[in-house]
Amino acid sequence: MDHVLEVKDYSLDYATPNGRFHALANLNLTIDRGEVLGLVGESGSGKTSLAWSIMRYLAGNAIETSGSIKLVGEDLLKVTLKQIDSIRGRRISMVFQDPSTSLNPTLSLGEQLTEVLVRHRNLTRKQAAMEGIAMLDRVGLKDPTGMMRRYPHEASGGEKQRVVIATAFACRPECIIFDEPTTALDVITGRQILDLFAELQAETHVASLYISHDLALVSQVADRVAVIHKGVIVEQGDVEQVFTHPADPYTKRLIGAVPRPDHRLVGAPPKTGGQALVEAKALSVTYGGVSAFARLLGKRKASVVGNRAISIAVKPGEILGVVGESGSGKSTLAKALTGLNPFEGQLFFAGNQIDGAKDMGKLYRRDVQMIFQHPDASLNPRQRVRDILSRPLKLYTDTPSGQYTQIIGDLLEQVRLPREYMNRFPHQLSGGEKQRVAIARAFASRPKLVICDEITSALDVSVQASVVELLIELQKQFGTAYLFITHDLNLVRQIAHRIAVMYRGDLVDLLETAEVDSPSRHAYTRSLLDAVPTPVGDYASLAPELEVAP
Amino acid sequence: MSDIATPLQSEKPSVASSSAGKLGSNHFFARLMRSPQGKLGMLIIGLVMVMVLFGPYLAPHSPDDMAPLSRYKGPSAANWLGTDQYGRDLLSRILYGARATVVLAFMATAIGSLIGAFIGTLCAFLGGRFDEIVMRTIDAVMAIPSLLFALLIVNLMGKGEINAVLAIAIAFVPSMTRITRSVALAIRKQDFVSAAIARGESSLYVVLREMLPNVVAPVVVEMTIRVAFAVMLFATLSFLGLGAQPPASEWGLMAAEARKFMHLSPWMILWPSAAVAMVAIGFNLLGDGLRDALNPKT
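For the record, the sequence lines run as chains D and P. For reference, each letter of the first sequence is one residue, going 9 to 558 in our numbering. For reference, each letter of the second sequence is one residue, going 12 to 309 in our numbering.
Bear in mind the hints are in silico, worked out from the structure with no lab data behind them. Heads up, some of the hints might be wrong.
[Unchecked claim] In silico DSBU-like links for lysine-lysine, alpha-carbon gap of 35 Å or less:
| # | chain 1 | residue 1 | chain 2 | residue 2 |
| --- | --- | --- | --- | --- |
| 1 | D | LYS484 | D | LYS402 |
| 2 | D | LYS289 | D | LYS86 |
| 3 | D | LYS16 | D | LYS86 |
| 4 | D | LYS484 | D | LYS366 |
| 5 | D | LYS370 | D | LYS289 |
| 6 | D | LYS134 | D | LYS150 |
| 7 | P | LYS84 | P | LYS271 |
| 8 | D | LYS16 | D | LYS260 |
| 9 | P | LYS271 | D | LYS289 |
| 10 | D | LYS370 | P | LYS200 |
| 11 | D | LYS402 | P | LYS200 |
| 12 | D | LYS78 | D | LYS90 |
| 13 | P | LYS200 | D | LYS484 |
| 14 | D | LYS370 | D | LYS402 |
| 15 | D | LYS16 | D | LYS238 |
| 16 | D | LYS238 | P | LYS200 |
| 17 | D | LYS484 | D | LYS370 |
| 18 | P | LYS200 | D | LYS366 |
Given the structure is predicted, the values throughout are model-derived calculations rather than measurements.
Whole structure, please, built from the sequences with the hints as guidance.
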């Protein structure tokens with residue numbers, strides 16, 4: 009019997025101004041009916057290139073150098089463009105990462121769903137609409153008839169992704185490619201989409217290629233897994249086999265880098281009692297004032313609540329994790345504490361009251377530093393690393409500028425970067441290196457509190473692990489307190505002393521990390537924890553091996 | 012320490028970052044020359060620059076040498092482009108005029124762009140009431156066509172080259188402000204600006220050092236295209252008698268003077284007009300090329 013999808017000895021190059029770039033090299037994959045193959049790799053490993061080669065939608069500078077891609081025995085590399093049109097959407101379909109960009113905002117959801125049915129199954133508009141409603145009902149949307157008439161902006165992210173999935177399954181394709189379908193969604197919504205995926209998969213026996221960078225997630229949805237690194241599949245096999253007894257060193261490193269709650273990285277929390285370093289009492293932030301011009305015309309203020317009466321305290325030397333879904337007000341809190349957002353309520357720093365952004369003097373700003381999510385955005389692309397790191401020295405210290413070179417070099421070494429990097433521009437550094445520069449900038453003034461706003465979420469798993477370890481190292485060295493904002497519960501359980509849970513602007517729970525599993529937790533905390541995939545595999549056996557490596 | 016060393020290895024500078032060192036001006040220039048518009052634009056502007064820099068040395072005659080016996084002549088071996096109503100050599104006048112026309116137009120654009128870029132960035136940074144007041148004023152000014160606006164300013168300040176330069180510069184400020192503001196609004200949302208504010212930097216530092224360098228690329232593109240407009244605007248002002256004054260060999264003025272003698276010698280009006288057109292086209296093409304080279308993704 010033929011495999012549904014068979015990629016054999018496939019190689020793909022991109023022609024770039026600097027010569028050929030080998031995106032994929034001698035790839036071999038097969039997927040059978042009813043099987044889910046997980047494709048795991050870091051950014052730039054060629055995951056998405058492979059997806060597009062299978063869909064036959066390649067960039068103009070792509071050159072296929074060898075191999076074949078067969079769909080039930082038929083070589084897709086040899087079919088004509090016209091035939092491709094009848095294959096795409098009908099026999100192979102694709103679910104994209106972000107439903108808010110993969111749906112056309114000017115067409116109603118119904119139109120986008122029925123278009124596929126009309127085109128590929130030759131249904132009339134009316135039949136297609138009936139079928140579409142049935143499909144939407146099948147993917148678990150309440151009020152499918154109403155949903156058909158809605159436009160993408162009238163539906164939530166989870167609802168939109170359900171519509172995309174309904175579209176993908178609409179023509180009963182033989183193969184579906186899922187490109188990180190839950191990455192853009194919240195933890196709980198993502199969990200529901202995964203359940204839906206598993207249900208539909210079992211029902212339709214479609215062959216699925218599930219692309220993701222999240223090992224824990226793949227370990228749950230896939231039957232077999234392929235690990236791709238720099239365009240080469242380094243390991244392939246059963247999920248259990250690969251995740252418990254990885255053979256390839258890259259796979260080992262990747263699995264070892266996945267944050268896991270049972271492996272604590274920090275020591276005991278600081279002694280209780282004593283004065284809090286930073287304390288917020290009933291801190292509220294509202295967004296959305298109206299413009300001066302609109303106010304002149306008498307328009308009323310309709311504001312959105314960012315934070316509602318948050319009371320929270322960070323002790324010296326403590327790592328306080330803040331978790332919550334997107335839009336829960338985590339970053340708003342961080343911005344209020346650094347004076348980027350105006351706030352109401354009271355804020356105390358080392359016992360002194362701070363009345364607002366204007367009241368945050370040089371001392372406060374020196375002691376409270378912030379590291380941002382995207383290192384690409386938080387470092388000015390037109391400044392050299394030297395200039396970036398010299399600013400805090402200039403602002404907060406009396407160091408004569410003659411010593412800057414020495415100090416900046418030391419700062420770079422402290423974050424394990426070579427001294428020579430001070431003459432580089434940010435675009436000459438990798439993502440992890442950029443984040444290290446941002447960390448060096450935050451630590452240049454020897455702060456007492458560093459606010460880390462999702463600082464690892466833009467990084468690859470292995471880079472993320474090294475950045476987290478660097479942070480912990482610095483914390484041990486300087487006794488700095490962290491307000492560690494993240495959506496990754498596994499990570500926060502690994503490093504935080506206490507965890508604050510936020511939901512729609514409210515602080516719903518504040519707990520010691522050790523108590524996280526206790527059943528008396530807030531209902532939302534529990535559902536959040538349940539939604540997080542815990543990776544399979546025996547890490548305990550792997551971890552020592554990783555740590556003795558040079 | 013030893014357990015940190017392992018994950019670090021995965022972070023060796025990638026191929027991209029090591030070759031990124033070459034991403035300097037050379038690379039940018041190569042990209043500019045690869046696009047057909049960029050190449051042609053550079054060629055024309057190169058030619059114009061030669062005229063601007065060496066025009067007086069290349070000119071076969073003095074621009075003011077009159078020759079009563081050879082007036083209204085067409086192109087010939089002695090006068091390559093012909094002569095005007097006083098028998099002055101047209102080629103020499105055009106070559107001498109390049110300096111006046113192009114340099115003044117460029118100055119006007121540069122002044123207008125700089126002021127516009129600064130106001131635009133400041134508006135984006137400050138936001139709120141300041142932004143509202145300034146932008147509504149700018150909108151009101153933009154409603155007046157730039158030629159009319161320039162005419163108004165020249166009329167108020169009196170005619171002359173420097174006043175024409177100022178008039179064009181001021182007429183360019185509103186649209187440059189708008190363009191810069193829209194780019195700067197996006198930059199304002201970037202984390203490095205937030206980081207600078209959170210660090211306690213002064214507003215002037217944030218505007219001048221953090222934001223302005225990042226809005227330069229689109230401003231430069233817009234500026235090259237605007238130079239073409241400035242050349243035409245300047246020529247128009249001179250044509251109307253409000254810019255350069257006779258006997259200057261400014262191109263617009265030459266065309267204006269030639270109008271009366273068009274039936275005697277069409278060459279007189281053709282050459283200066285062609286020169287204005289060439290500069291305008293050259294800068295437009297260069298602007299297009301720059302746009303492609305600066306934003307390789309679009």
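ask   = Does the alpha-carbon distance linking D:LYS16 and D:LYS260 stay inside the 35 Å limit?
value = This hinted pair holds, its Cα atoms lying about 25 Å apart.
Given pair status - D:LYS370, D:LYS484, alpha carbons within 35 Å = Given that 35 Å is the threshold and the Cα spacing comes to 25 Å, the pair holds.
query = Hey, D:LYS484 versus D:LYS366, does the alpha-carbon distance stay inside 35 Å?
reply = Holds: D:LYS484 and D:LYS366 sit about 32 Å apart, inside 35 Å.
ask   = Regarding the pair D:LYS134 and D:LYS150, is the alpha-carbon distance no greater than 35 Å?
value = holds (21 Å)
ask   = If you draw a straight line from the CA of P:LYS84 to the CA of P:LYS271, is it 35 Å or shorter?
value = holds (15 Å)
request  = Take a quick look at whether D:LYS370 and P:LYS200 sit within 35 Å of each other, Cα to Cα.
outcome  = Holds, because 23 Å separates the two Cα atoms, which is no more than 35 Å.
message = So if I understand the rule, the pair passes when the alpha-carbon distance is 35 Å or less; does D:LYS289 with D:LYS86 pass?
response = violated (67 Å)
key: Restraint status (C-alpha distance of D:LYS484 to D:LYS402 at most 35 Å)   = holds (26 Å)
ask   = Taking only the CA atoms, is the gap from D:LYS16 to D:LYS86 under or equal to 35 Å?
value = holds (14 Å)
query = Holds or violated: D:LYS238 with P:LYS200, Cα cutoff 35 Å?
reply = Within the cut-off at roughly 33 Å; holds.
key: Pair hint D:LYS16 and D:LYS238, alpha-carbon separation not exceeding 35 Å   = holds (18 Å)
message = For D:LYS402 and P:LYS200, compute the direct alpha-carbon distance and say whether it is at most 35 Å.
response = holds (24 Å)
In summary, the structure is inconsistent with hints 2, 9 from the numbered list given earlier, while agreeing with the others.
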